[in-house]
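My request is simple: use the sequences and hints to build the entire structure.
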Amino acid sequence: MPRAEGARPRRVTIKDVAARAGVSWKTVSNVVNDRPVVSPATRERVQRAIEELGYVPNVLGRDLRGGPTRRIALVIPELSNPYFALLAEKLQVAAARRGYDVQIQVSLGRTEVEQQYLEGVPGRPVDAVIMSPQKLTDRDIYARTTDVPLVLLGERVRAGHGVSHVAIDNVTSAVDVTRHLLERGCTRLLFLGVETRHLSTGAERLLGVRAALRAAGGAASLVGEIPLPEWGRERGQEATRRALAEGTEADGIIAANDLVALGALAALREAGRAVPADVAVVGWDDLPESAYAVPALTTVAPDLEALVAATLDAALDPASGGQEVVVGHRLVVRESSGHR
Numbered sequence: 001m002p003r004a005e006g007a008r009p010r011r012v013t014i015k016d017v018a019a020r021a022g023v024s025w026k027t028v029s030n031v032v033n034d035r036p037v038v039s040p041a042t043r044e045r046v047q048r049a050i051e052e053l054g055y056v057p058n059v060l061g062r063d064l065r066g067g068p069t070r071r072i073a074l075v076i077p078e079l080s081n082p083y084f085a086l087l088a089e090k091l092q093v094a095a096a097r098r099g100y101d102v103q104i105q106v107s108l109g110r111t112e113v114e115q116q117y118l119e120g121v122p123g124r125p126v127d128a129v130i131m132s133p134q135k136l137t138d139r140d141i142y143a144r145t146t147d148v149p150l151v152l153l154g155e156r157v158r159a160g161h162g163v164s165h166v167a168i169d170n171v172t173s174a175v176d177v178t179r180h181l182l183e184r185g186c187t188r189l190l191f192l193g194v195e196t197r198h199l200s201t202g203a204e205r206l207l208g209v210r211a212a213l214r215a216a217g218g219a220a221s222l223v224g225e226i227p228l229p230e231w232g233r234e235r236g237q238e239a240t241r242r243a244l245a246e247g248t249e250a251d252g253i254i255a256a257n258d259l260v261a262l263g264a265l266a267a268l269r270e271a272g273r274a275v276p277a278d279v280a281v282v283g284w285d286d287l288p289e290s291a292y293a294v295p296a297l298t299t300v301a302p303d304l305e306a307l308v309a310a311t312l313d314a315a316l317d318p319a320s321g322g323q324e325v326v327v328g329h330r331l332v333v334r335e336s337s338g339h340r
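Numbering (our numbering), first residue to last: 1 to 340.
Take these hints with a grain of salt, some might be off.
As the list claims (entries may be wrong) - Taking lysine to any residue and the SDA-like style, the derived pairs with C-alpha atoms no more than 25 Å apart in a straight line are:
1) 90 <-> 218
2) 135 <-> 232
3) 15 <-> 296
4) 135 <-> 234
5) 90 <-> 245
6) 135 <-> 38
7) 15 <-> 38
8) 90 <-> 230
9) 90 <-> 274
Rather than coming from a laboratory, the hints here were simulated on the basis of the structure.
This is the structure we're talking about:
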């Protein structure tokens with residue numbers, strides 16, 4: 001069917017070339033960037049496909065001279081969250097040691113911003129994009145038309161297509177948290193921070209909680225799973241107040257992150273509930289302020305140094321596209337979940 005007058009023609013993508021040549025998109029990228037890792041026969045096949053399709057390589061990952069830009073784009077939801085602020089700082093310092101500059105973009109969780117940065121940085125070439133997404137879907141990943149390396153942090157979008165993912169094991173860390181509370185005598189657990197998106201951070205952590213409870217053979221149960229539109233102090237405080245007002249009798253609160261946990265501590269303090277004597281509380285991220293909370297907060301601490309190193313490795317090594325990297329974590333036990 002002829003294209004309507006004025007309609008924009010579909011752009012030939014690196015995936016189209018890969019399909020025509022019968023190779024992976026990474027192989028096409030290696031040919032386009034003249035890397036000496038492709039056999040002459042394969043290189044010739046790819047070049048023929050490029051000519052037949054009229055493929056024009058995306059220049060977002062190269063400057064006008066054709067070389068690396070030494071720039072990386074970092075897209076995070078917010079800087080007001082201490083975890084993302086600390087992560088951005090560590091990535092910036094580590095990238096500088098490797099001779100790269102990090103350009104920070106705050107998405108505020110807006111779909112259009114995350115989708116835009118999937119293609120690189122408008123008007124400013126970068127060598128890679130690192131993103132902590134909140135709204136991306138598999139479809140968004142599949143629709144990418146650029147070969148600029150993309151690394152996703154935390155949220156899991158299992159689309160493949162050369163996109164790497166770096167995170168802690170959310171399921172295992174949640175199992176560790178739940179076992180810890182059970183060992184301290186908790187039997188009625190409340191989870192704050194339910195998310196409905198499949199394989200989101202909150203969903204994975206809830207899976208871990210449920211798995212640990214099943215393994216306990218009925219010794220404890222979930223008395224509540226509360227969704228939160230945002231993971232912040234106010235949301236945690238409001239959710240805990242509401243649970244208490246509704247008569248939810250929990251002796252252990254598992255909060256999706258430290259900010260939610262800090263809000264829960266405030267609500268429990270208001271209600272005259274002793275922590276941990278009446279209710280134990282645990283969070284994630286090991287924020288600096290968590291050690292100074294009253295009582296000091298038990299939390300899951302991700303290995304941020306390993307996470308930053310793995311992220312930069314994946315972003316700067318073209319051959320590493322599509323990696324699933326799991327970094328370590330540890331449970332930092334403090335007063336909020338001490339012996340009851």
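Each hint tested on the structure:
1. 90 <-> 218: Status violated; Cα separation ~42 Å.
2. 135 <-> 232: Roughly 18 Å between the alpha carbons, so the hint for residue 135 and residue 232 holds.
3. 15 <-> 296: Not satisfied, since the Cα-Cα distance of roughly 51 Å exceeds 25 Å.
4. 135 <-> 234: The hint holds at about 22 Å.
5. 90 <-> 245: 41 Å, violated
6. 135 <-> 38: 36 Å, violated
7. 15 <-> 38: Measuring from Cα to Cα gives roughly 17 Å; hence the hint holds.
8. 90 <-> 230: 24 Å, holds
9. 90 <-> 274: Roughly 36 Å between the alpha carbons, so the hint for residue 90 and residue 274 is violated.
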